[in-house]
Amino acid sequence: MVNIVIDNKKIKVPEGTTILDAAKLNDIPIPNLCYLKELNEIGACRVCVVEIEGINRLVTACNNVVEEGMVIYTNSPKVRGTRRINVELILSQHDARCAACVRSGNCSLQTIANDLGILDIPYEEDLPHARWTKGFPLVREYEKCIKCMRCIQVCDKIQDLNIWDLSNTGSRTNVDVSLNRRIEESDCSLCGQCITHCPVGALHERDDTQKVFEALADEDKITVVQIAPAVRAAWGEELGLSREFATVNRLVAALRRMGFDYIFDTNFTADLTIMEEGSEFLEKLKNKENEKFPMFTSCCPGWIRFMKTQYPDMVEQLSTAKSPQQMFGAIAKSYYAELLNVDPSRIFCVSIMPCTAKKYECDVSVLNDAGAGQDVDVVLTTREVVRMIRAEHIVPETLEEEEFDTPLGISSGAAVIFGATGGVMEAALRSAYYLVTNENPDPDAFKEVRGKEGWKEATFDLAGNNIRVAVASGLGNTRRLIEAIRNGEVEYDFVEIMACPGGCAGGGGQPIKDGVELAEERAEVLYGLDKISNIRFSHENPAIIKCYEDYLGKPLSPRSHKLLHTDQHKWELNTLSKKI
Amino acid sequence: MSRLSIITKDKAQATVEVLYKDLERRIIASPPGLCPIDLASSFLKMCHAQTCGKCVPCRIGLGQLESLLESVLDGEADLETINLIEKTAKAIYYSADCAIGYEAANMVLKGVEGFRDDFEEHILRGRCTFELYQPVPCVSLCPAGVDVPGYIALISEGRYKDAIRLIRKDNPMPATCSLVCEHPCETRCRRNMIDDSINIRGLKRFAVENAGKVPVEERAPSTGKKVAIVGGGPSGLSAAYYLSIMGHDVEIFEQNQKLGGMLRYGIPSYRLPREVLDEEINTILSTGIKVHKGVKIGKDLTVSELKEKFDAIYIAIGAQTDKKLGIEGQEAEGVVSAVEVLRQIGDEKYPDFTGKSVVVVGGGNVAIDVARLAVRLGAENVKIVYRRRKVDMPAMEVEVEGAIAEGCEIYDLYAPSKIETDEKGHVKAILVKPQIVGPIRDGRPVPVESTDGIRRIECDSVIIAIGQGIESKSFETEGIPVTEGAIDAPDWLGIEDIPGIYAGGDCVSGPATVIRAIAAGKVAAANIDNYLGYHHIIETDVKIPEARLADRIPCGRVNMRERDASERIKDFDLVECGMTCEEANQESRRCLRCDHFGFGVFKGGRIERW
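Chains A and B, in that order, give the protein sequences. Taking our numbering, the leading residue of the first sequence gets 1, the next gets one more, and so forth. Taking our numbering, the leading residue of the second sequence gets 1, the next gets one more, and so forth.
Note that these hints are calculated values from the structure, not bench results. A portion of the hints provided could be inaccurate.
To be verified - Computed cross-link-like contacts, BS3-like style, restricted to lysine-lysine with a CA-CA straight-line distance of at most 30 Å:
1. B/Lys293 to B/Lys309
2. B/Lys90 to A/Lys24
3. A/Lys308 to A/Lys562
4. B/Lys213 to B/Lys290
5. B/Lys424 to B/Lys161
6. A/Lys447 to A/Lys554
7. B/Lys90 to A/Lys9
8. A/Lys78 to B/Lys90
9. A/Lys157 to A/Lys456
10. B/Lys161 to A/Lys37
11. B/Lys226 to B/Lys323
12. A/Lys78 to B/Lys87
13. B/Lys21 to B/Lys9
14. B/Lys349 to B/Lys309
15. A/Lys286 to A/Lys554
16. B/Lys110 to A/Lys78
17. A/Lys308 to A/Lys288
18. B/Lys213 to A/Lys78
19. B/Lys293 to B/Lys323
20. B/Lys161 to B/Lys45
21. A/Lys286 to A/Lys37
In this text the structure is predicted, and so the values were computed from the model without any measurement.
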């Protein structure tokens, strides 16, 4: 233990504790901006500076550890003055028109500036100007970037894609796409982790809310909306709702208030995905000698982009099953159009996703199989739908729970866990077991693949067949796993990959709480929903059974192939030509 | 891709390296008198270009400081802006992560403190207090204002006599200076912007050596006024020369048997041969100056007696007394001061160091001079003990290197603590305390005692060369103002409240350089002339050649060569070799003629008379 004095308070803290943590442990908050524990401890913003007795210059609290006998002042006149000037300097290069910013009210810079009582900036405004590719699902506003470097760090250290880097040097140092590339030329997976780790509004998704409002206002359009599994675990966060209150049924109520004609659940097509992907896997197992293993899941477009750019020679190992979002779009504009007996081109298909890569996926031209324009017309992130709720002046606290529409609103507990890392694998194994043995396993038999670890593995007995599975989330973990496979260090039969750490629960389209990773907490909600679900197996979803009986035939049928499967080789990485 | 590869410089980086060097040289050649805020702002821009961009204070703060400085320069600031600049620079200084940021801010802070007046002038009156007062760098940096481009141009045309006459307009001791001047003229030579400074002193020596006898200027009609010069060193001789050609009757009072002051009693003949010095003195005296040798003012004659006999007095007694170390044993036999040794040699009494181990204490030019003399006087070995580092020695680098080449050993970072004696009271050894280099104060690192033990250096002789004092006591008792030993005189050298008495040179400034002593003599002559009721103009009819129109292609500087160390230690002859004609022609053509090109052609490149 080390004895120190912070703001005249005598304190004992373990050796190696940073000044920031030591202060925090003793209820002395030190303002900080760029800092992210274990990810960005570089002292770039110089907001967390403190004064140490005996040293004339100030010291950053975030990346310096306490020493025996240290006497620290976190808010001396020198500290206060310097901190204030540093924040004023940041503001001089920040487009501070907060009223027109997506992060207003959830911005660390705004909070710190407000806390410091900065009402006037003595420095001249000097905004950097650079051109961003219009229409790209990921948007960078150079004028708002405060160069905290978090996006660089998360992409380097967590996602291992090195999309961001410093560009230019000296006074013109900026954060931009690495290696002088335009974003659309880069290997960006579009996972959106840089967005959720940005402390300000410099990074955000392309806003598509107005397109949806237009569609809602268009009387000829039948608006169909799907809600992804992970959205239900997070949508209430930014609205100040408790997890208990912010149920998916209250989100359904809000969407209905907004005027959506049909409100469905992506969980329905998650169950469908299990049927297709599970069957595909079993088929492959039957033909083991001629197939390449492992088979990889294919429901995460961030992951697919990663595979296509980093390991193009392995794309054929991806399951051909479309993601639940795209299966939904295809079903909505075929099977459901038939049910409604309407021209499928009248259907405007919206999805609400915890994801930014989904905005790319819906634009992939070979994914439009229903023959009525894009299978999914617009993808909204969880954050965008929250903005729409606000725009509609819906008072969320007054919402009553409402049911999904049928039949595409019926789903199983196996589907809802798609939103957490390991969930797709678990759901697939539950049904694969049934498909092989004709009897249901204990629904929790495969829970070994749950949990927040970035790379999990397990072996399960599937009717005498030992199935070696692995689950990874986060692209850094993914790269390690794939390298291990390529180097022959590990062997698996079936691998689930989610681009975002923790899976969709931690998706790049989810609400942002600066400095806090919420994937685990949200995953708990999803596993809770699975647990209380009446149906725990995708193959027992009655609406799925009916859909096969009435329309698709059986898994892997020709119609299934046409509507529900894809060839990822043919996915273009740059869909911008369609947008501009 | 290979796992590792060696680092090779690409063309761009190599070019940048060249530009760095260009900039370094350009800063050296920066003309004096530029607006300090404008410079600070440009420096800041370069500092800003160096930022890695990680931290806010450096990445953004330096830019904002820059625009604040620009607003001051543009007249858009108010007095509050100075506070904002100071506050911002302080915040950057306190919180930048690395020296790129905090030292850049520190430069601004130094400026706010150092030239705050100029900030205020810009803000309140929209003007800068600074101006380019002398457009030619070498001329402006020569204390005597010698027309350097003029005489270099004359040398390049082979007009060596004219060159000497032109020099004498401002400096009556060209031969002496051609050998021992510290050449401040070379420090900001504009030629640095291309390659390197002109070897001005070397060219002057070439002119002196090739001019033959150059008679002095004609004396003006006699004024009948009498001027006494106290001290026959370079300052006194210079004043005497100008006053004499102005037509005044000048008498020099010299306490020694010979004239020359420190030129004779301080500088060894291997740097300034006696015949050169004697000839120079004789030339000066040929203007009709009377000399009284062996007369000490304060002892043989008083100032008031002089004042009765003369219309004006110039006191130029120099700084010639020794300083004591203040350690135990300093009175031992075998411990002598450098001043003493040099004085003896000046009077051609050579001490014998044959076979002796000699320790010289000090790091100035005098220390190096006696060390090299000791070598020539037969010392077995010579050690120079200095309490700072070798690089901190105030002696000229070329002298230090010369001493080392001649076998002197440098014991740097040792401070003398005691002199050990034998039973007969003769020095046996010097004990020195090891030092480590310490914090920098006033631009020089201070030595700090290390924890290492005392070191004992056996020796037969110790020569102390730790500076000189001024024998000002007798002048003080006669009412001449003295502060800490030095005579008080303002820039124009007239002693306050005592009309007709002037003082200058080392006795006012403390030990300095020959050229500063000469400059003081020139200033004293001009002001005494006015005091006596005249305004004699000193000028020359030498016409300066037109500037050469040719490209200035980068070309190396001709440096002076020296005789082989093994040869030169056998005699007391000149160590340095002169330039050849070929070298002098090339070197003189390197001159950029700042008197003609640039600001020179606009404001006039020279002061033709004074």
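Here's how the hints hold up against the structure:
The straight-line distance between the Cα atoms of B/Lys293 and B/Lys309 is roughly 18 Å, inside the 30 Å bound, and the hint therefore holds. Note on B/Lys90 and A/Lys24: the hinted pairing holds, with a Cα-Cα distance of about 27 Å set against a maximum of 30 Å. The hinted pair formed by A/Lys308 and A/Lys562 meets the criterion: a straight-line CA distance of about 22 Å does not exceed 30 Å. In summary, the hint linking B/Lys213 to B/Lys290 is supported, as the alpha carbons are separated by about 22 Å, within the 30 Å threshold.
A hinted pair counts as satisfied when its Cα atoms are at most 30 Å apart, and B/Lys424 with B/Lys161 does not qualify at roughly 59 Å. For the proposed pair A/Lys447 and A/Lys554, the alpha carbon gap of about 28 Å is at most 30 Å, so the pair holds. Distance restraint check for B/Lys90 and A/Lys9: the Cα-Cα separation of roughly 28 Å lies within the 30 Å cut-off, and the hinted pair is therefore satisfied. A distance of roughly 9 Å separates the Cα atoms of A/Lys78 and B/Lys90; the hinted pair therefore holds under the 30 Å criterion.
The straight-line distance between the Cα atoms of A/Lys157 and A/Lys456 is roughly 19 Å, inside the 30 Å bound, and the hint therefore holds. Straight-line distance between C-alpha atoms of B/Lys161 and A/Lys37 comes to about 79 Å, which puts the hinted pair past the 30 Å bound. For the hint linking B/Lys226 to B/Lys323, the alpha-carbon distance of about 35 Å lies beyond 30 Å, and the restraint is violated. Between A/Lys78 and B/Lys87, the direct Cα distance comes to roughly 10 Å. Compliance with the 30 Å bound is thereby established for this hinted pair.
Simply put, B/Lys21 and B/Lys9 have alpha-carbon atoms about 16 Å apart, close enough for the 30 Å limit, and the pair holds. As the CA atoms of B/Lys349 and B/Lys309 are separated by approximately 35 Å, the hinted pair breaks the 30 Å bound. As the CA atoms of A/Lys286 and A/Lys554 are separated by approximately 18 Å, the hinted pair is consistent with the 30 Å bound. At most 30 Å may separate the alpha-carbon atoms for a hinted pair to count; B/Lys110 and A/Lys78 meet this at roughly 19 Å.
Under the criterion of a C-alpha separation no larger than 30 Å, the hint pairing A/Lys308 with A/Lys288 is consistent with the structure, at around 24 Å. Under the criterion of a C-alpha separation no larger than 30 Å, the hint pairing B/Lys213 with A/Lys78 is inconsistent with the structure, at around 71 Å. Between B/Lys293 and B/Lys323 the CA atoms are separated by roughly 25 Å; this keeps the pair inside 30 Å, and the hint holds. For the hint pairing B/Lys161 with B/Lys45, the CA-to-CA distance comes to about 49 Å; that exceeds 30 Å, so the pair is violated.
In summary, the hint linking A/Lys286 to A/Lys37 is not supported, as the alpha carbons are separated by about 47 Å, beyond the 30 Å threshold.
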